[in-house]
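Place chain B on chain A using the hints.
Those sequence lines, one after another, are chains A and B.
Residue numbers are given in this note's numbering: position 6 of the first sequence equals residue 6, and the series is strictly consecutive.
Residue numbers are given in this note's numbering: position 4 of the second sequence equals residue 4, and the series is strictly consecutive.
Derived from the structure by calculation, the hints contain no laboratory data.
Check the hints yourself; a few may be wrong.
Residues from chain B that keep clear of chain A, each with C-beta distances beyond 10 Å, as calculated [what the hints assert, rightly or not]:
hint, residue
1, S64
2, L103
3, D104
Incomplete in silico selection of chain A near chain B, CB under 8 Å [unchecked claim]:
hint, residue
4, P22
5, A23
6, R85
7, A89
8, A130
9, T410
10, I416
11, A419
12, H420
For every residue, glycine included, the Cβ atom is placed at its ideal position computed from N, Cα and C.
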Amino acid sequence: MSAIAVVDADNFYASAERTFDPALHNRPLIVLSNNDGCVVSRSPEAKLLGIPMGAPVFQIRRLLDRNNGLALSSNYSLYADMSWRFQTALEDFSPDIEHYSVDELFLKMPLSCLRTLSETGREMRRQVRALTGIPVSVGFGETKTLAKLAVELAKKSRKAGGVLDLTGSPYQEEALSRVAVGDVWNVGPRYAAMLERNGIKTALDLRDASDEWIRKRMTVVGARIVQELRGVQCIPFIQTPKVKQQLCVSRSFGAATDDLQDLRAAVAFFTSRVAEKLREHRLLAGELTVFVHTDRFKDVPQYAASRSLTVAPKSDSTLELMPLALKGLNQVFREDHEIRKAGVILNELELADSAPRRLWDAALYEIHKRLMDTMDALNAKFGKDALKCGVFPNSGAWKTRFERKSPSYTADWRQIMTAH
Amino acid sequence: MDLHNYTGFPSASEEHRRPTLNLHTLLAPRPLYTFFARHTGDAMVEANIFDGDLLVIERAGDYSHGHIVLAFVDGQRLVRRFERREGRLFLCPANSRYGEIELDEEAQIFGKVVHSVTHHLRIKQHLPTVS
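Excised from the complex, chain A in its bound form:
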């Protein structure tokens, strides 16, 4: 019998921050999304305060202050480094690994008579903890879906100590009966509501549902989930990274603005960033969307608008995307509204290597490509925005409000830890 393990880091961002900074221990700590808007990670102390995931920071600011809590901006380069360490540490346990997300991976567990899966899980925890300081939980099941269910239960149960093996377990039915159907992996909120209306409330109910009924109501997707709950592997390991569907760069402004020049500068900045991302992933974009909206939490006249423009031929050149973005902005701009948030989204993405060659402007595009390569290389060497294509701002209203970002402990020699 084969087993699948899922290893999931506990409060990954908050835990990664704590590895480097003892001043963050034993107090509520939250990490905010990249424009400092919402809570994306919480320490156990912050969870105890009742701070929900996704809460806008202004709603929880006072609660946090009263309890000596701290909010940090996301430090993505740090999390990427710690993710690499934690996921690499687990390569000793299996040759078959699916890196599912920054803080979660699946392993196909080889058969072993030397130790039980629970012992292996505890060893995984110990190793990741030793290498990274980050606590992880481990779940085992016959399928990915059962493993995910096991890891969620492992996180909730104090007794489990962060490890739960559901393979061939006499408690499997009991475990399934304790998980709400909406918490089963791949069951979205709409299917969950439909299932509950039809009396299917737990994972156990779903496992024992009629195949025909499920196939009719939830198509083959639902049928696969049910099979997985019964221990039949239907969701394959994915080894290759998927092509991204969409890239977006947006920010909430520190202060709302109705100044077109400020907005032009902001949109130029977003376009530069998103085009950088595009080139980093070796993609071309076929559509560019600019959006703006007013402050939704404030009692002001509300306005929201977006404009999508075709990028033809598909491009990754900041110089070609920029005029489109500014044109889009001109079309959505209204003088009488203070804009609080804006962004640029790229769609219809295609791998640059598989895109057709340009019929005209090919020579000009070659020049753009060399210029972009040079710009990206200079920015990599001298820091972001050393060189940029842009529009000058009147003020800095559009700049990211950084709450407080931790140092790049692992990525910049000038920011490594200090110790006395």
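Below, chain B alone, put in the same frame as chain A:
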């Protein structure tokens, strides 16, 4: 050298050339385990660890009597010698002006210092900008 476009005889030395020594392979051969820190202050001068030194730190489970470690104590990062005496654990300075600290369960050891690198030209770019 691009040998396809080279029309003369290849230099005999070329085939013996190997990559230039890279200090990382010596000081930090196990990147997965390795972190870096900057030492400040004079608590460890008698162990030849000076203000501004670069510390190469390895994280690994076990710490033995005599290891120099980076420890988290009372919200601070400290570099000290780890000592085990009569079943008790201590962090000991290498400077008589500092006292030793007994470790309790609250304290955590981040890793052990495997190298310290002293810079002798006082070039600013090597110094930390954050504390």
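Status of each hint after checking the structure:
no.	hint	verdict
1	S64	15 Å, holds
2	L103	13 Å, holds
3	D104	13 Å, holds
4	P22	4 Å, holds
5	A23	4 Å, holds
6	R85	6 Å, holds
7	A89	7 Å, holds
8	A130	5 Å, holds
9	T410	7 Å, holds
10	I416	5 Å, holds
11	A419	4 Å, holds
12	H420	4 Å, holds
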